[in-house]
Structure formats: C-alpha cells, structure tokens
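A.B. asks: Chain residues, written in single-letter form:
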Amino acid sequence: MVMILLAAADAAHEASGGLPQLNVLFDGSFTNQIIWLALTFAFLYIVLSQVVLPRLGSVLTEREEAIAADHDRARNAHREAEKIKAAYEDNLAKARAEAQASVGEARAAAAKSLADAQARLDQDLAKLSADAEKRIKAAVADAMTDIGAVASEVAADLYTKLTGEDAKADAVRKAVDAKLQSDQGAQ
Amino acid sequence: MAQEHSPLEQFEIHPIIDLSFAGVDASFTNSSLFMVLVVGLLTLFTISATRGSALVPGRGQAMLEMAYEFIAAMVRDNAGRDAKPFFPFVFTLFMFVLGSNVMGMIPGSFTVTSHIAVTFALAALVFVGVTLLGFIKNGAKFLKLFAPSGVPLALLPLIILIELVSYMSRPISLSVRLFANMLAGHIMLKVFAGFVISLGSLGAIGVAAAVMPFALNVVLTGLEFLVAFLQAYVFAILTCVYLHDALHPEH
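The listed protein sequences correspond, in order, to chains A and B.
Quick note, my numbering runs 65 ahead of the 1-based positions in the first sequence.
Quick note, my numbering runs 14 ahead of the 1-based positions in the second sequence.
Some hints here could point you the wrong way.
Chain A stretches covered by chain B per the calculated footprint, using a threshold of three residues with CB under 8 Å from any CB of chain B [what the hints assert, rightly or not]:
no., segment
1, 83-95
2, 121-130
3, 137-148
From the structure, some residues in chain A lie toward chain B, with a derived Cβ separation under 7 Å [said to hold, decoys possible]:
no., residue
4, Ile100
5, Trp101
6, Leu102
7, Thr105
8, Leu118
9, Leu186
10, Gln188
Quick caveat, the hints were computed from the structure, so don't treat them as lab data.
Virtual Cβ for every residue (Gly too), placed ideally from N, Cα, C.
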C-alpha cells in the first residue's frame, strides 16, 4: 500500500508538482480547510450534543424504565397467577375430598336404606307366610269337620246298601267322629 | 494527458467562493462544500430520525441508538466513567470522520479526511484539549504520566524521554493514520480504474484483461468501506484512550 502510495505520489510529483495535500500546506491555502472544518465541526457538535444525543439518551433510559416496569409487572402477574393456581388446586383438592365424603355418605345411606328395605321385606314375607300357614291350618280344620259329615253320609249310604236297613244317622255320625278322632289321635 | 488522469487530481482543492479574513485564506472550496454536505446530511438524518423519539424505534432511530450505545460503551470502557462529559465530543468526532470517509466513497466526490490539514486539525484539537484537560484536572500530577511508578531511578530519564516522545507524536500518528489510509485507498481505486480505461482502449484482448483490475476495484471498494468505518473507529477510540490518560495520569 505504501509503495503504491509513494509511486503515485512520485508520478504525480513529476506530472503536476506534488501532493495537493502538501501543496496547500506550502502555499498557505490550508487555512480555508481549517476554518470551514472548525465551522462545520462546531455546528455538528452543537446539533448532536444539544438535540440529538439528549433525545437518544432520554429515549434509551425511557425504554429501559419501560422494560423494567413491564418486567416487574410480568413478575407480579406471574406471582399472582401462581397464587391463583395454588388456591385453585387447594379448592380442587377440597372439592374432591368433599365429593369423596358425600359419595361415601350416599353409599352408606343407600346401604342402610337397602338393609331397611330388606328387613321390612323379610318381616312382611314372614307375616305373609305366617298368615298363609294359619289360613291353611284353618282350611285343613274346616276340611276335617266337613270330612266328618261327608264320611257319615258315605258310611250311612254304605250301611244301607250293605244291610238294606236304614242307618241311624246320629249313630253313624258318632261312630265316624270317633273313628276320625282316633285316626287323628293316631296320626 | 498525465495531469488529466493523475490519481491525485481527486485531492485538488478548487475555490468556489474566494474569501479571506485578515489576510487569511478562508475560501469556500470543494472541500468546504463537502464538509457542509456531510454535516448537513448528518444533521438532517440525526434530527429527523430522532424527531419522534419513539419507544419502539424506526430504522433511522435504531441505527442512531446503536451508534449511541457503541460510542457510549467505547467511552466508558476506554476513558472511564468520569469521561461521560466528553461523550458528545467523541460522538461528534466519530460521526464527522465516518460521514466524511463514507461520503468520499461516492464516485466523483471529495474526501474531506484525505487532507492532512483536516486530520491534523482534528488530531490537534484532541491533543491540545486532552493536554489542557490533564493539567486542569490533575495539575502538576499530570506529569506523572511521563514517569510511571515502579521504574528504577536509573531508567527514569530514558523512560521520561520515551514517554514524552510518544506523547508528542500522538497528534502526528493520529492524523497521519487517517489521512494516509484515505489517501492510499482513493489512489488505489483511481489507479486501478485508470488501468481499466487504458486497457479497455487496447482492443479485444485489452478489454478481456481489463476485467481483472475491474474485479479488483470492486473488492477494493468493499475494503475501502471497511477502512472508512475502521479509521473513524480508531480515531474515536484513540481519543478515548488519550482522555483516559488525562483523567487518570497514574498509569
């Protein structure tokens, strides 16, 4: 790079008499550059330091603050959400326990009512069967008394047929009753 | 003919309006025109981009915020936290040099920072300002900068001499670095562009051969944009380093 520079400077020197950069130093006209540099640089310094940089600085701090505030808010929201979640889970557990308890209660009540119904049914059935037995016994007793009359009639008829004599109904009856009673006693 | 195509023609200063104050040449030249253009465009851009000062920035504002934070970090890290009052100056310096360098990349334009008079004036501003600041802030203790603590007494004269020379050469190195970079870059671009033209006038083979310097010029243009930014950055960061020395002379 330096060689190219030197070669170019040399060539230019031969052609037109040195680097323009050095020529302005020698003939004193460099002052115009310095004066305009001072003016423009000072202007730029004032613009940047008085307007642009304060704007940028304030917007940067503003943003930093906004981000910090948002961050805080997000953290708070997160904490609240966590709290709500814990409460929700608490409630859920409570509700579940309650549900469990009420299911147990319902089950117990159902079992109790089932047992009650069973007992009542058993009772009713026992009563019914006792009644039925009683009725059967009465029917049997009825049948027994009727059987005496029927048997007397049959016996009287048999007696008439066999002997040709009229049977004395009372006597037959007595005999049949006695026979029945003895049979019943034998039973 | 050689004068017409000289790669140095682009650095020549032509007065547009002849002015002089008390015998001192203050003509408005093509250089002044481009200084005014650079500063005018920078002013227009920075003012309009920050007009809304929106919490959610637009393109221009985002760019300026990046520059703001970039330079602010540079000042903070290299010059220290107490250098904050000089942040606007460093920012202006960076913007002016960057604007001038980039403006110079427009073909046919004038590169303000390719003149040693301009870069030396800027470097001298930094040098004189920093030296004054050093003495105002620290008084005679500022001279400790040239005599680091912990140096054996026998070596002290040598060290002081070296430190003094290095301190005094600061404005020269600062200004020549920027000036030489701009000068060399623009000369190279012009030289290779000249090759393209002269080869192109040699017929078909010449045109085919001219592709090479042309391709090189494309690459160089990219490089020059990098240099334009880099030199502005270097100028600003060295200013910060010098500010640090003025604020904290004890090494």
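A.B. asks: A separate judgement is required for each hint: does it hold in the structure or not?
C.D. replies: Okay, the hints, checked on the actual structure:
1. With 9 residues bearing a CB less than 8 Å from a CB of chain B, the segment 83-95 of chain A meets the requirement of three and the coverage assertion stands.
2. Here the segment 121-130 of chain A counts 7 residues with a CB under 8 Å from a CB of chain B, which clears the bar of 3, and the coverage holds.
3. A stretch counts as covered by a chain when three or more of its residues have a beta carbon under 8 Å from one of that chain; for the segment 137-148 of chain A and chain B the count is 0, and the coverage is violated.
4. Because the closest C-beta pair between isoleucine 100 of chain A and chain B is about 5 Å apart, less than 7 Å, the hint holds.
5. At about 4 Å, the closest approach between the beta carbon of tryptophan 101 of chain A and any beta carbon in chain B falls short of 7 Å, and the interface hint on this residue holds.
6. The interface hint given for leucine 102 of chain A holds, since its Cβ lies 5 Å from the closest Cβ of chain B, which is under the 7 Å cut-off.
7. A cut of 7 Å between beta carbons decides the hint on threonine 105 of chain A: the least distance to chain B is about 4 Å, and the hint holds.
8. The beta carbon of leucine 118 of chain A is positioned within 7 Å of a beta carbon in chain B (closest approach about 5 Å), and the interface hint is therefore held.
9. The criterion of a C-beta within 7 Å of any C-beta in chain B is not met by leucine 186 of chain A, whose closest approach is roughly 81 Å, and the hint is violated.
10. Hint status for glutamine 188 of chain A relative to chain B: violated, with the closest Cβ pair at about 86 Å, above 7 Å.
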